[in-house]
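**Q** Residues per chain are reported as follows:
Protein chains: 2
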Amino acid sequence: MKCRVCGKEANIRLSAYNTALCADDFLTFFERRVTRAVQKYHLIDQTDSTLVAVSGGKDSLSLWYILNRAGYLSDGIYIDLGIDEYSRVSFEKARLMADRLGRRIYRFSLPALFQKGIGDLSKVMRRAPCSLCGVLKRYLMNKACIDAGYTVLATGHNLDDEASALFGNLLYWKEAYLYKKSISLEGRGDYLAKKIKPFFLCSEREAAAYAILSRIDYVYEECPYSVGAKTLLYKELLNKIEVTSPATKIRFVKGYLERVKEQEARPDPERCARCGYPSYTETCNVCRLVERFGTGEAIRIECFEPAQATATPDISAKADAVV
Amino acid sequence: MKCRVCGKEANIRLSAYNTALCADDFLTFFERRVTRAVQKYHLIDQTDSTLVAVSGGKDSLSLWYILNRAGYLSDGIYIDLGIDEYSRVSFEKARLMADRLGRRIYRFSLPALFQKGIGDLSKVMRRAPCSLCGVLKRYLMNKACIDAGYTVLATGHNLDDEASALFGNLLYWKEAYLYKKSISLEGRGDYLAKKIKPFFLCSEREAAAYAILSRIDYVYEECPYSVGAKTLLYKELLNKIEVTSPATKIRFVKGYLERVKEQEARPDPERCARCGYPSYTETCNVCRLVERFGTGEAIRIECFEPAQATATPDISAKADAVV
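Just so you know, the protein sequences line up as chains A and B, in that order.
Oh and the first sequence: position 64 is 78 in our numbering, straight run, nothing missing.
Oh and the second sequence: position 80 is 94 in our numbering, straight run, nothing missing.
Please keep in mind that the hints were generated in silico from the structure rather than gathered at the bench.
Quantities reported herein were computed from a predicted structural model and do not represent experimental measurements.
Idealized CB from N, CA, C, for every residue including glycine.
A hint or two may mislead.
Some, not all, of what chain A presents toward chain B, calculated at C-beta under 7 Å [unchecked claim]:
1. LEU185
2. TRP187
3. TYR191
4. LEU251
5. ILE264
Looking at chain A on its own, in the form it has when it is part of the complex (with noise of 0.2 Å):
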């Protein structure tokens, strides 16, 4: 198996590629396919500034270093969703990925809004960690971004993510969230971030395939949550489909994406009457939740600058020249 790029030793086949690659053509390919999703789907602008929503995983903190590689210059944003070891462990992971990109980084801490992790907190109030954990981290991140003068938020959701929740939606038939995921969404004035996931198109593996080639000190261990979870079933048998048929995952999201631009523009979301940000209801879930549960403290976001001023390598003029 030679790389089809130098015919050195591949170190990698994509099948959905029909191609293979070694280890500098592999990183050289992928930054160029997030770059390029980048500026295809007009995921950022010359005028915005980028937080990254950062859990110490490989696709978020992937997802970091390459946006700043590229010129994206971007900070970072924390939730501590007080899971004991394993949340520390990733703060741990998230930190390091600052200061090797010389790079700010928010943290957000449940425990010390409501004296309890998500755990103890999904239990008192009688719900799904994983779907509490949504409800806090969208409304925590997009506050982060909002309060500290971000315009985008990115996240590193990746193909696999995305086909996953699809093919949940679709067999449910869940009409009501089918189009409500994108590459990008929109944001609204000074109370909702711009949302964009630049590894939309990019498999896990090769997420986890340019962490470990980068280098990159990630957490292994799957959320303690997650065990069991309908997604992951999801996401091995799509990948036992793109054995035997290479490229499905990326025909069925990309498949997605042609006709969710076809959905009509979407009105302007309800306001919190409380704290402003986006709301179903008349008070917001999370406003309910810090007044039923909460010490009594303000939503507070720490920022940690990095340790050092490292220089980033940069692929920005790279980038540029492949496009």
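Position chain B relative to chain A; hints supplied.
**A** Relative to chain A, chain B alone:
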């Protein structure tokens, strides 16, 4: 595990219905589901005469058996695809059932018309056997139905067939095919028979259990050309989801049925200038095929009378009482 109905030892667990049943009560349950589907979806009217597409497999033989038991007296049509031993055994099973029911069976033989089986025919045509088989079967079954004066063509497609086909169409966004399937498709005048699928909401496992418990002698082997078919993989994957989330398949297909109703009425299909049966092109695929590869003989459908007119076990009174 006790039978939900009689409290005796259960023989089959039906997770999708959160129940378990003994052999006798399962047979009643299954027959009731089929006869209710026939009534609820208006599959067969009192004035209809029904022809069942019989392959010799568990689904079509069980269907033929149940329809006759329920008083929907119907004959069979068998297509001999010329797949050597497989075809020979399949027809044998079909005739056994014809004799058991005391009903007529029609046969159309591919080798008689082309001097070739489906395998050789697909080779000379450079077309996948399954796709060619689909075209020929659709045509010949409709022709048999119309020519012999039947008004309804019933096929044994089960829940797993429908769910896997639907899954494939969604995965590859085949919108052209997406809303063309249903539990019932209306006929047109004297050239297109009404098509019905009374097992649309019955799983493959249930149909197999019914066949075994009813001592129906069927062909166990899958068609040799189906090896590696994508639909088999899709069925396997959907069954994995079914294990963790029972009733997923039936919700998926029922959700589809609800949506298919909303589709616009189908326009009348165009007709072949030569044979008058439905066609997308001026001369239909089968007429062109016969012209190119046929022996010169007209399409001839044989008719076999049952060996003896046995009394069909009748559940029609029971079925009526149920609804």
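**Q** If a hint holds in the structure, say so; if it doesn't, say that too.
**A** Status of each hint after checking the structure:
1. For LEU185(A), the interface hint holds, the least distance from its beta-carbon to any beta-carbon of chain B being 5 Å, beneath 7 Å.
2. Taking 7 Å as the C-beta contact cut-off toward chain B, the hint placing TRP187(A) at the interface holds, the least distance being around 4 Å.
3. Given hint, TYR191(A) at the interface with chain B, is violated; its Cβ is 14 Å from that chain's nearest Cβ, farther than 7 Å.
4. Because the beta carbon of LEU251(A) sits about 4 Å from the nearest beta carbon in chain B, less than 7 Å, this interface hint is met.
5. Taking 7 Å as the C-beta cut-off, the interface hint given for ILE264(A) is violated, the closest approach to chain B being about 12 Å.
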